[in-house]
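Given the coordinates of chain A, assemble chain B onto it according to the supplied hints.
As they're listed, the protein sequences go chains A and B.
Numbering follows my numbering, with no gaps: position 169 of the first sequence is 169.
Numbering follows my numbering, with no gaps: position 42 of the second sequence is 42.
Because the hints were derived from the structure by calculation, they are not lab data.
Errors might be hidden in some of the hints.
As the list claims (entries may be wrong) - No farther apart than 30 Å at their CA atoms in a straight line, the calculated lysine-lysine pairs in the BS3-like style are these: (1) 177/B - 101/B; (2) 326/B - 59/A; (3) 115/A - 216/B; (4) 121/A - 325/B; (5) 30/A - 222/A; (6) 326/B - 12/A; (7) 30/A - 128/A; (8) 326/B - 83/A; (9) 18/B - 115/A; (10) 325/B - 123/A; (11) 83/A - 394/B; (12) 115/A - 324/B; (13) 12/A - 394/B; (14) 59/A - 128/A; (15) 80/B - 255/B; (16) 208/A - 222/A; (17) 216/B - 120/A; (18) 3/A - 324/B; (19) 325/B - 3/A; (20) 128/A - 83/A; (21) 3/A - 59/A; (22) 59/A - 324/B; (23) 123/A - 4/B; (24) 29/A - 324/B; (25) 255/B - 120/A; (26) 59/A - 394/B; (27) 115/A - 195/B; (28) 222/A - 59/A; (29) 115/A - 4/B; (30) 216/B - 177/B.
For reference, the chains in residue letters:
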Amino acid sequence: MIKVIHLTKIYKTGEVEVVALDNVSFEIKKGEFVAIMGPSGSGKSTLMHILGALDIPSKGEYWLDGELIANLDDDELAEIRNKNIGFVFQAYNLLPRTSALKNVMVPMMYGDVSKEERMKKAKRYLEKVGLGDRIHHAPNQLSGGQQQRVAIARALAMNPNIILADEPTGNIATKQALEIMEILEDLNEQGNTILMITHEQEIAEYAKRIINLRDGQIVEDKNNDSRRLLPKRKE
Amino acid sequence: MDYKELALESFVTLTLNKVRTGLAMLGVIIGIGSVIALISLGQASQLFIENQIKSLGSNLLTISPGAQSSRGIRGAAGGKETLTYNDAEAIKNSSEITTVKNVSAEYNSKTQVVAGRNNTNTRVSGVTPEYASIRNIALSVGSFISESHLIGMSKVAILGSQTSVDLFGEGVSPIGKTVRVNGISFNIIGLMESKGGSGFMNQDDIIFVPLTTAQKLLFGVNYVSSIYIEAVSENVMSQARDEIGYFLLARHKIKDPTQADFSIMSQEDILGTAAQVTGTFTTLLSGIAAISLIVGGIGIMNIMLVTVTERTREIGLRKALGAKKKVITVQFLLEAIMITFVGGTIGVVLGMSVSSIFSRSMGLPLVFSLPSILLAFGVSAAIGVLFGWYPAQKAANLQPIEALRYE
Chain A
1 MIKVIHLTKI
11 YKTGEVEVVA
21 LDNVSFEIKK
31 GEFVAIMGPS
41 GSGKSTLMHI
51 LGALDIPSKG
61 EYWLDGELIA
71 NLDDDELAEI
81 RNKNIGFVFQ
91 AYNLLPRTSA
101 LKNVMVPMMY
111 GDVSKEERMK
121 KAKRYLEKVG
131 LGDRIHHAPN
141 QLSGGQQQRV
151 AIARALAMNP
161 NIILADEPTG
171 NIATKQALEI
181 MEILEDLNEQ
191 GNTILMITHE
201 QEIAEYAKRI
211 INLRDGQIVE
221 DKNNDSRRLL
231 PKRKE
Chain B
1 MDYKELALES
11 FVTLTLNKVR
21 TGLAMLGVII
31 GIGSVIALIS
41 LGQASQLFIE
51 NQIKSLGSNL
61 LTISPGAQSS
71 RGIRGAAGGK
81 ETLTYNDAEA
91 IKNSSEITTV
101 KNVSAEYNSK
111 TQVVAGRNNT
121 NTRVSGVTPE
131 YASIRNIALS
141 VGSFISESHL
151 IGMSKVAILG
161 SQTSVDLFGE
171 GVSPIGKTVR
181 VNGISFNIIG
191 LMESKGGSGF
201 MNQDDIIFVP
211 LTTAQKLLFG
221 VNYVSSIYIE
231 AVSENVMSQA
241 RDEIGYFLLA
251 RHKIKDPTQA
261 DFSIMSQEDI
271 LGTAAQVTGT
281 FTTLLSGIAA
291 ISLIVGGIGI
301 MNIMLVTVTE
311 RTREIGLRKA
321 LGAKKKVITV
331 QFLLEAIMIT
341 FVGGTIGVVL
351 GMSVSSIFSR
361 SMGLPLVFSL
371 PSILLAFGVS
381 AAIGVLFGWY
391 PAQKAANLQP
401 IEALRYE
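Just chain A, with the same shape it has in the complex (with noise of 0.2 Å):
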């Protein structure tokens, strides 16, 4: 499904040349759910962008869905965003002063969805992420956890084929973080494949695999034999 080959990126800040990311080749199935570990400064957030069609790698070769990345054009790029990859950022990017319902509906109205199927299709996945009572609420009504779920629900709503998740934690506090990843973890058990970065350890132990990056290059790429599963499903 996804597949890197000797994908390398270096950014030029004047003289000086920064590589973020060394000779990384993976490839991530259907149905994962892939962690990406590292400190900052390690990559993890640059593979993240340039997986989602965000940033260009400067060398190598990136293939999704069997199609290469490079050979595209913007618009293309643009559609494959679209239609095959959600994104949940860090600092959920949602629109401001706009309503989730309207917020889920902006990537349906770019993929040409018709009104009605995006109006129903919204309420569906906020009801899925547990926001059913709140989809006329703006960003600012709601909690930092509340916004990463209507964050989440838009990206579930072009049915993709992959989750990012960029630090989908890294500004919630702990309670609310586990119920965005119980979420995330109901929806690769719904079979939604899902690549997470991260720093913290125990957000990684939920995901059943991890790569561990370090200045750029793989260092660790291991099945999470030990698992973490949430409370609940401990039960």
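For chain B alone, kept in the frame of chain A given last:
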């Protein structure tokens, strides 16, 4: 996404962000409004001056005492006392002069006048009866100075409407009352209709008395300030001018016309001077218009640049969610168009209101020229749309992650 839906999305975005939209629109409103108000006021002043000059009549010649300077050669510096009422009478009665219909003479001076407890400083103008028809003086009540007043040195006065208000108050008829000028009481026998104008150009701030009374009783002079000649028609103006000129030269025993102790101005001369004045005005106006367009334009440019640049992150987000470049560009273009056109329309209305309020309070005519409104609107709208579109275009061309990270 079709354009109808994009337009709706743009509109919704504008209404959701009322403060931002309001500020941007305010920039456009002030920009366009001020340009239109300034241009309109300038044109009104220009028209007012032209009208004042034209209202003097096109077959009027004005003889003033002093040096001849109209042909580019300044003659001997003459005094201001070289013209007399006898000159006027002589022109009227001369058999050599065939082109003159009416002659009037005037002596005027600013002085303090008193009525009861009120007093004002106004122009006291001693004139002959013909003055009314030559200078288009219309009375709203009473009668003008007559021949018998002139001969009898009567102490009668005709008040300008402003002077009447100053001395007796609004809506009070001054007829039959008295006004004291230099300690002498004058019977008020007439009230002028308002001629308009304000400040130093106020034609209603005046008192007319018989010329002889002004000369002998009030000011003790035997000369006049000007002689007004009404020619029989516009076509004989230059002939009239020559006839009168040679007649007066002979009367004043001056052989060399360049040494004349008077000057004759025709309406043409005055219009020529006026053309210079209005030419200066036009230049001034263009300057004002250009400066206000630049100032307004920069204001609009700034507010659009700031409001759109501030939304770079939003553009990044929209791209991340699958918006194509064209969709972003069109949305921001539509928003800029809505802001500039709604703001522009309000600005036009505001500018026109402001200038009509000013025109009314200053007694100026109300002038709106379509080209200047279109110019102000067009330039401002173009700037607004350009600087709404350009930063959006720039942001849409960034990699989405760069736009998302924009601080």
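A quick look at each hint next to the structure:
1. 177/B - 101/B: Measuring from Cα to Cα gives roughly 35 Å; hence the hint is violated.
2. 326/B - 59/A: Cα-Cα ~28 Å, so holds.
3. 115/A - 216/B: violated, 95 Å
4. 121/A - 325/B: holds, 25 Å
5. 30/A - 222/A: holds, 17 Å
6. 326/B - 12/A: Holds, because 29 Å separates the two Cα atoms, which is no more than 30 Å.
7. 30/A - 128/A: holds, 22 Å
8. 326/B - 83/A: holds, 18 Å
9. 18/B - 115/A: Distance ~25 Å between residue 18/B and residue 115/A Cα, so the pair holds.
10. 325/B - 123/A: Roughly 28 Å between the alpha carbons, so the hint for residue 325/B and residue 123/A holds.
11. 83/A - 394/B: holds, 25 Å
12. 115/A - 324/B: holds, 19 Å
13. 12/A - 394/B: Cα-Cα ~21 Å, so holds.
14. 59/A - 128/A: violated, 39 Å
15. 80/B - 255/B: Given that 30 Å is the threshold and the Cα spacing comes to 20 Å, the pair holds.
16. 208/A - 222/A: holds, 9 Å
17. 216/B - 120/A: violated, 100 Å
18. 3/A - 324/B: Holds: residue 3/A and residue 324/B sit about 25 Å apart, inside 30 Å.
19. 325/B - 3/A: holds, 27 Å
20. 128/A - 83/A: holds, 20 Å
21. 3/A - 59/A: Holds - the C-alpha atoms of residue 59/A and residue 3/A are around 14 Å apart, at most 30 Å.
22. 59/A - 324/B: holds, 25 Å
23. 123/A - 4/B: holds, 24 Å
24. 29/A - 324/B: holds, 28 Å
25. 255/B - 120/A: violated, 106 Å
26. 59/A - 394/B: holds, 25 Å
27. 115/A - 195/B: This hinted pair is violated, its Cα atoms lying about 67 Å apart.
28. 222/A - 59/A: Roughly 25 Å between the alpha carbons, so the hint for residue 222/A and residue 59/A holds.
29. 115/A - 4/B: Answer holds: residue 115/A to residue 4/B is near 13 Å, not above 30 Å.
30. 216/B - 177/B: holds, 23 Å
In summary, the numbered hints that this structure violates are 1, 3, 14, 17, 25 and 27.
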